[in-house]
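Those sequence lines, one after another, are chains U and H. If you read the first sequence in numbering that gives the first Met the number 0, its first letter stands for residue 0, the second for the next number, and so on. If you read the second sequence in numbering that gives the first Met the number 0, its first letter stands for residue 0, the second for the next number, and so on.
It should be emphasised that the hints constitute simulated quantities derived from the structure, not laboratory data. Just so you know, not all the hints are guaranteed correct.
What the hints assert, rightly or not - Quick list of simulated restraints, FRET-style, between CB atoms:
1. A517(H) to K77(U): 26 to 34 angstroms
2. A106(U) to I180(H): 58 to 66 angstroms
3. S217(H) to K4(U): 37 to 45 angstroms
4. D120(U) to R32(H): 52 to 60 angstroms
5. A106(U) to S497(H): 46 to 54 angstroms
6. Y495(H) to H126(U): 25 to 33 angstroms
7. R477(H) to K77(U): 46 to 54 angstroms
8. A106(U) to P54(H): 51 to 59 angstroms
9. A517(H) to K3(U): 47 to 55 angstroms
10. H126(U) to K47(H): 33 to 41 angstroms
11. A106(U) to T215(H): 50 to 58 angstroms
12. K77(U) to Y495(H): 38 to 46 angstroms
13. A106(U) to G105(H): 23 to 31 angstroms
14. K77(U) to D508(H): 18 to 26 angstroms
Given the structure is predicted, the values throughout are model-derived calculations rather than measurements. Glycine included, every Cβ here is placed at the ideal spot set by N, Cα and C.
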Amino acid sequence: MPEKKIRVLIAKPGLDGHDRGAKIIARALRDAGMEVIYTGLRQTPEMIATAAIQEDVDVIGLSILSGAHNTICPQLMKLLHAKGMDDVTVLVGGIIPGADIPGLKQAGIAEIFLPGTSTQDIINFIHQRHASAPTA
Amino acid sequence: MSDKLRTDDSKAIAPSTAVTDTPSRGDSAATARNPSAAEVNWEKTTLKQTLAKNPERQQTFTTISGHPIRRLYTEADLPNWDATRDLGLPGEPPYTRGIHSTMHRGRLWTMRQFAGFGTAEDTNQRFRYLLEQGQTGLSTAFDLPTLMGYDSDHPLSEGEVGKCGVAISSLADMEVLFDQIPLAKVTTSMTINSPAAVIWAMYLAVAEKQGADWKTLSGTLQNDILKEYIAQKEYIYPPEPSMRLVIDTLEFGAKHTPKFNPISVSGYHIREAGSTAVQELAFTLRDGLEYVEWGMRRGMEVDDFVPQLSFFFNAHSDFFEEIAKYRAARRIWHKAMVERYGAKNPRTWALRFHTQTAGCSLTAQQPYNNVVRTAIQALAAVLGGTQSLHTNSLDEAWALPTEFAATLALRTQQVIAHETGVTNTVDPLGGSYFVESLTNELERGAWDYIAKIDALGGMVSAIERSYPQREIAEASYRYQMEVDRREKIIVGVNDYVSEERPLDILQIDETVAKRQAARLSKLRVERSQDEVTRRINFLREAAKSTANLMPHIYEAVKSYATLGEICEALRDVFGTYEEVAIT
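Extracted from the complex, chain U is given alone in its bound form (with noise of 0.2 angstroms):
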């Protein structure tokens, strides 16, 4: 039986409509053979909790450049939480100033990734996350 594939949901929630990133990362984890949800924009967190559900996915990719993450993340981590959705791996791309990366890991986000970041090391920290992930 194949292996089953890692399924992502690309999220970008609030008002921001910088997508470049969102995009690009969509693309990227596709191209790396995983099954790539992209939500569009303008999300609230319950939008991106519910489609998790509906998708069953293994991660959550929010792409955030608007500063609104302190706000954002702790919502959609009590959202999943609630949910029964805690093994979730939930990853955050953007503009995310370094004093808040340990509030932000302390909610449950499981690793931020920066400005500059290559598309390979994300596709390969989802692949550690996710190599002993059940096979359908």
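Start from chain U and add chain H according to the hints.
Just chain H now, with coordinates in the frame of chain U:
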């Protein structure tokens, strides 16, 4: 794959194999290259000997956009080039050398630093500081709720108030923003798009309160909704009613504010979204043509309103490609105005533009390197004949700039203006085999794209089919892969990496949102609610008709109806837009 992606794929237009950026292009452009005997001889002797001993560093050399560049440019690269026709003289068609006969000898470009953060008070202080430092024009950055037409106390504004720009929810905020700044004397640019008509109405109301004559007001509204659908994605309404709002402002401006540019057709964001230089050039100019055509359909004469259109380009790091881009832009615009629309007014022919250095080229790593990048990009803009310029601050890959960083960015322009000597002569690169050849190639590439978009039925139609969006996404991905494979080097990111100390950056705290919410509550109590309701109802009714909405928006603003209330009324009538997400 999600439904969204499937839906989109079914509509897909196959991405062109990059109009100008395929490696085959440069050498085999329009006509076969016919080198002189001397050049042929040089290749056989001097060059051959060198290559035998020292091969070149790479097989091919390309611009940052992937455009192939030859080893050497000579007269053989300009076979049908006619200096009188293609270059001309400054201040005359086709404006390749610049739109003024003396260019920066006569008047330097306007040094216009984009600024805005926190509350109106915070930004008013930064504005006054920048003017004291010798800045010659203002440029306003609004926060995301303002850009999306939400008041600061709207639930969707949570976490975003004052973060990416200044929070403006009503005329009361606008009065504070321009407090003690004489709008009759300072030129002001406002980067606002979907709610542009509302913010402009607020600006005009402040000017009126200051006693300034609208006829003397000078400045620029970005108001370019097409590039929002294409690139930056801060849209509210569907394309048709959005275009109507833009044309309403053009019509209003032509009548009431002859010195104000009601639109700045922007390639900047297209480039930031990952486009090539040719795509930036082509999509921006085609957007410009779209506004011209909609304006003419409204019944305006091309020579009456087009002189008020201005442009806004990016200054990226590939020095000569950028200079060629600005020169090509002027030549294309002149040609389009004359040939497509029969324009007779030289002010219609001459493309004026603002430039901002490329935010997307700034690196979070080794941020002081950004000062160097910005200086080189700014130099390209100046050599390309810009009318105004924003230089980015070194810390902008992390946050909005600190006062220190913003000052250094302004000083960068002042050094170029006063110390380098590049302003001493007009278009110093004119006649360069390389620059003229590259200018021709960019122009040709842009016309190819313009023809494709014409064939799709114009830009609105092309946008609805995701054509420009897809072209940009392709280019953006291609470049990222080149960076990841280290075929393109970014100093401090994929090479020359070193340890560093974190920067001190500007932090916007949540008290901004609280202060804004308090001010809005107070406003809602103090204003006449009856008058607000009346004005909003008039606006809603007008929106259902074909009336020009500017006068109605102006009256609503003056009643202290909020930005959110006005945009909501228009949402009721126009609906909202959701794009087909492509990846």
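Point to revise | Assessment of proposed distance window 50 to 58 angstroms (beta carbons of A106(U), T215(H)) | key: holds (53 angstroms)
Point to revise | CB-CB spacing for P54(H) and A106(U) relative to the 51 to 59 angstroms hint | key: Roughly 54 angstroms apart at Cβ, these two residues keep to the hinted range, so it holds.
Review point. Within 37 to 45 angstroms or not, the Cβ separation of S217(H) and K4(U)?
Key: violated (58 angstroms)
Point to revise | Status of the given 52 to 60 angstroms range, CB of R32(H) versus CB of D120(U) | key: violated (43 angstroms)
Check your understanding: Given a hinted range of 18 to 26 angstroms, is it respected by the beta-carbon distance of K77(U) and D508(H)?
Key -> The hint (18 to 26 angstroms, Cβ to Cβ) holds, given that K77(U) and D508(H) are roughly 22 angstroms apart.
**Study point:** Outcome of range test on Cβ distance (R477(H), K77(U); 46 to 54 angstroms)
**Key:** violated (39 angstroms)
**Study point:** Range hint compliance [Cβ, A106(U) to I180(H), 58 to 66 angstroms]
**Key:** violated (42 angstroms)
Check your understanding: Given a hinted range of 38 to 46 angstroms, is it respected by the beta-carbon distance of K77(U) and Y495(H)?
Key -> holds (42 angstroms)
Exercise for review: Indicate whether the distance between the beta carbons of A106(U) and G105(H) respects the range 23 to 31 angstroms.
Suggested key: violated (57 angstroms)
Point to revise | Distance restraint hint 33 to 41 angstroms, applied to the beta-carbon atoms of H126(U) and K47(H) | key: Since H126(U) and K47(H) have Cβ atoms about 49 angstroms apart, the given range 33 to 41 angstroms is violated.
Practice item. Return holds or violated for the Cβ distance of Y495(H) and H126(U) against the range 25 to 33 angstroms. Key: Check passed, 28 angstroms falls within 25 to 33 angstroms.
Check your understanding: So the hint says 46 to 54 angstroms: do the beta-carbon atoms of A106(U) and S497(H) match that?
Key -> For A106(U) and S497(H) the Cβ distance comes to about 31 angstroms; the hint is violated.
Against the hints set out earlier in the document, violations occur for numbers 2, 3, 4, 5, 7, 10 and 13.
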